[in-house]
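Make the full structure from the sequences, and use the hints.
Following UniProt numbering, the residues of the sequence shown are numbered contiguously, the last one being 117.
Careful, some of the hints might be misleading.
Taking CB as the label site, the calculated pair distances span [stated by the list, open to error]:
1) 46 / 106: 29 to 35 angstroms
2) 112 / 69: 46 to 52 angstroms
3) 6 / 67: 36 to 42 angstroms
Since the hints were made in silico from the structure, they are not lab data. Where is the CB? At the ideal position from N, CA and C, for every residue including glycine.
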Amino acid sequence: MIDDVTTQLRRGVVEYCVLGLLAAEPMYGWQLASALTERNLIASIGTLYPLLGRLRDRDLIVAFEQQQDSGSEATGGPTRKYYRLTPLGEQHLDHFRSQWGPFTASVTEIITHGSTP
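Next up, the structure:
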(Lines of atoms letter the chains of each structure in order from A and count residues from 1; the text may use other names and numbers.)
(Lines give C-alpha, C1' and ligand atoms only; values in the text may rest on other atoms or scores of the structure.)
Protein backbone atom coordinates (compact mmCIF):
# COMPACT_ATOMS: atom_id res chain seq x y z
CA MET A 1 0.00 0.00 0.00
CA ILE A 2 2.74 2.47 0.92
CA ASP A 3 4.58 1.79 -2.34
CA ASP A 4 1.34 2.48 -4.21
CA VAL A 5 1.13 5.94 -2.62
CA THR A 6 4.72 6.72 -3.57
CA THR A 7 4.14 5.52 -7.12
CA GLN A 8 1.02 7.66 -7.48
CA LEU A 9 2.78 10.73 -6.10
CA ARG A 10 5.71 10.23 -8.47
CA ARG A 11 3.43 9.88 -11.47
CA GLY A 12 1.74 13.13 -10.60
CA VAL A 13 4.86 15.25 -10.30
CA VAL A 14 7.80 13.73 -12.18
CA GLU A 15 6.77 15.51 -15.40
CA TYR A 16 7.07 18.84 -13.63
CA CYS A 17 10.36 17.83 -12.04
CA VAL A 18 11.77 17.19 -15.52
CA LEU A 19 10.50 20.59 -16.66
CA GLY A 20 12.03 22.19 -13.56
CA LEU A 21 15.41 20.60 -14.21
CA LEU A 22 15.34 21.73 -17.83
CA ALA A 23 14.36 25.25 -16.79
CA ALA A 24 17.77 25.54 -15.15
CA GLU A 25 19.75 24.24 -18.14
CA PRO A 26 19.53 21.90 -21.12
CA MET A 27 20.38 18.35 -20.09
CA TYR A 28 20.88 15.00 -21.77
CA GLY A 29 18.93 11.91 -20.76
CA TRP A 30 21.52 10.43 -18.44
CA GLN A 31 21.84 13.73 -16.53
CA LEU A 32 18.08 13.92 -16.10
CA ALA A 33 17.85 10.28 -15.02
CA SER A 34 20.66 10.73 -12.48
CA ALA A 35 19.05 13.82 -10.97
CA LEU A 36 15.68 12.08 -10.71
CA THR A 37 16.94 8.72 -9.40
CA GLU A 38 19.10 10.45 -6.76
CA ARG A 39 15.88 11.94 -5.42
CA ASN A 40 13.93 8.66 -5.78
CA LEU A 41 11.57 10.21 -8.31
CA ILE A 42 12.07 7.53 -10.97
CA ALA A 43 13.04 3.91 -10.53
CA SER A 44 15.24 3.65 -13.62
CA ILE A 45 16.31 5.46 -16.76
CA GLY A 46 13.89 3.27 -18.71
CA THR A 47 10.94 5.16 -17.25
CA LEU A 48 12.35 8.52 -18.32
CA TYR A 49 12.50 8.18 -22.10
CA PRO A 50 8.77 7.55 -22.65
CA LEU A 51 8.08 10.65 -20.53
CA LEU A 52 10.52 12.71 -22.60
CA GLY A 53 8.72 11.52 -25.73
CA ARG A 54 5.35 12.61 -24.33
CA LEU A 55 6.75 16.01 -23.34
CA ARG A 56 8.17 16.44 -26.86
CA ASP A 57 4.84 15.42 -28.41
CA ARG A 58 3.13 18.14 -26.36
CA ASP A 59 5.76 20.71 -27.45
CA LEU A 60 6.88 21.29 -23.85
CA ILE A 61 10.49 20.33 -24.62
CA VAL A 62 12.65 19.98 -27.72
CA ALA A 63 15.59 17.69 -28.36
CA PHE A 64 18.80 18.74 -30.05
CA GLU A 65 22.15 17.09 -30.64
CA GLN A 66 25.41 18.53 -29.41
CA GLN A 67 28.91 17.21 -29.79
CA GLN A 68 30.81 16.80 -26.54
CA ASP A 69 34.23 18.25 -25.91
CA SER A 70 36.78 15.44 -25.89
CA GLY A 71 39.55 17.57 -24.46
CA SER A 72 41.30 17.64 -27.81
CA GLU A 73 40.86 20.43 -30.32
CA ALA A 74 41.46 18.02 -33.21
CA THR A 75 38.52 15.73 -32.53
CA GLY A 76 35.22 16.26 -30.83
CA GLY A 77 33.67 13.87 -28.37
CA PRO A 78 30.49 11.88 -28.88
CA THR A 79 27.27 13.55 -29.93
CA ARG A 80 24.58 13.56 -27.24
CA LYS A 81 20.89 14.30 -27.45
CA TYR A 82 20.02 17.17 -25.15
CA TYR A 83 16.60 18.42 -24.11
CA ARG A 84 15.52 21.95 -23.36
CA LEU A 85 12.32 23.68 -22.37
CA THR A 86 10.20 25.42 -24.99
CA PRO A 87 8.32 28.66 -24.28
CA LEU A 88 5.17 26.53 -23.90
CA GLY A 89 7.04 24.30 -21.46
CA GLU A 90 8.04 27.38 -19.44
CA GLN A 91 4.39 28.47 -19.30
CA HIS A 92 3.32 24.98 -18.26
CA LEU A 93 5.93 24.91 -15.48
CA ASP A 94 5.02 28.42 -14.29
CA HIS A 95 1.37 27.40 -14.04
CA PHE A 96 2.31 24.29 -12.05
CA ARG A 97 4.51 26.34 -9.72
CA SER A 98 1.63 28.73 -9.02
CA GLN A 99 -0.61 25.79 -8.08
CA TRP A 100 1.91 23.63 -6.21
CA GLY A 101 2.47 25.83 -3.14
CA PRO A 102 -1.19 26.29 -2.21
CA PHE A 103 -1.93 22.65 -3.03
CA THR A 104 0.83 21.23 -0.83
CA ALA A 105 -0.01 23.67 1.96
CA SER A 106 -3.62 22.48 1.96
CA VAL A 107 -2.65 18.81 1.92
CA THR A 108 -0.10 19.31 4.70
CA GLU A 109 -2.62 21.16 6.85
CA ILE A 110 -5.25 18.48 6.46
CA ILE A 111 -3.01 15.45 6.99
CA THR A 112 -1.20 17.09 9.90
CA HIS A 113 -4.04 18.76 11.74
CA GLY A 114 -7.20 17.42 10.15
CA SER A 115 -8.57 20.94 10.04
CA THR A 116 -10.99 22.25 7.48
CA PRO A 117 -11.10 25.73 5.97
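Earlier hints that do not hold, by number: none
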